[in-house]
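With the hints as extra help, turn the sequences into a complete structure.
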Amino acid sequence: MRQVHEFLEGIDTTDHILLFYDTQESKHKILYRYLAEGLKQGKGIVYVHTEESPESIHAGLARHGIDVEPNLASGNILTPRYAEFYIVDGEAEALRILNRWHGLSRRFQSKGLGLRVAGETSCFFREGMVRDLLRYEYALKRVLTVPMDAMCAYNLKAIVETGYTDMIMPLVRAHGKAIFIAEGGTMILEPENVEDTDIERLLDIKI
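Numbering (my numbering), first residue to last: 1 to 207.
It should be emphasised that the hints constitute simulated quantities derived from the structure, not laboratory data. No residue lacks a Cβ here, since even glycine has one placed at the ideal position from N, Cα and C. Watch out, some of these pointers could steer you wrong.
[Said to hold, decoys possible] Restraint ranges, calculated between C-beta atoms of paired labels, are given here:
no., residue 1, residue 2, range
1, Leu95, Gly185, 36 to 42 angstroms
2, Gly10, Asp89, 36 to 42 angstroms
3, Glu51, Met1, 18 to 24 angstroms
4, Gly90, Asp166, 22 to 28 angstroms
5, Thr165, Ala94, 28 to 34 angstroms
6, Asn99, Gly128, 20 to 26 angstroms
In structure tokens:
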């Protein structure tokens with residue numbers, strides 16, 4: 001996990017990072033540290049949630065040294081639900097989502113802040129909208145055109161249970177770097193250096 005913590009400390013604006021996790025505990029360790037570090041660096045943070053609640057997110061940030069209440073009051077912490085941000089009225093339009101990110105970036109810039117975001121994606125698998133998700137991820141590009149850094153969080157259990165393991169490699173290639181945390185270990189990979197067999201060994205699945 002030290003390798004991951006060092007990686008998180010070196011994240012730059014416009015980095016587009018993929019996190020595959022196998023347990024909620026693994027997700028919490030990475031996402032809350034990532035977001036808390038961003039806030040300490042003078043960035044506003046946005047967590048688009050599918051699996052968590054705003055209250056659990058606030059508690060997770062507090063455990064990582066964030067004074068949550070004043071940051072909520074000032075609007076420096078935002079926790080929209082996926083149905084407010086990703087899948088609105090049954091539609092997941094990549095351009096609309098990108099425009100939301102641009103708007104939030106401008107909003108935080110007007111306050112002298114950068115922008116760090118995290119998004120849980122299991123809603124797309126649950127709603128059968130994985131192709132829309134893929135279009136959105138590729139529209140974001142491996143190096144973001146929006147002045148923000150982003151971590152897209154993928155629940156491996158949801159991917160396997162919904163039968164979308166064939167989407168793992170296309171998703172990896174849509175990002176600048178990928179973090180895998182599973183029973184088989186932890187890896188940080190760059191898309192151009194990863195093979196299907198590397199991931200299959202780590203996750204003990206066929207893709």
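Practice task
Could you tell me which of the hints above the structure violates, numbers in ascending order?
Solution key: Violated: hint 5 alone.
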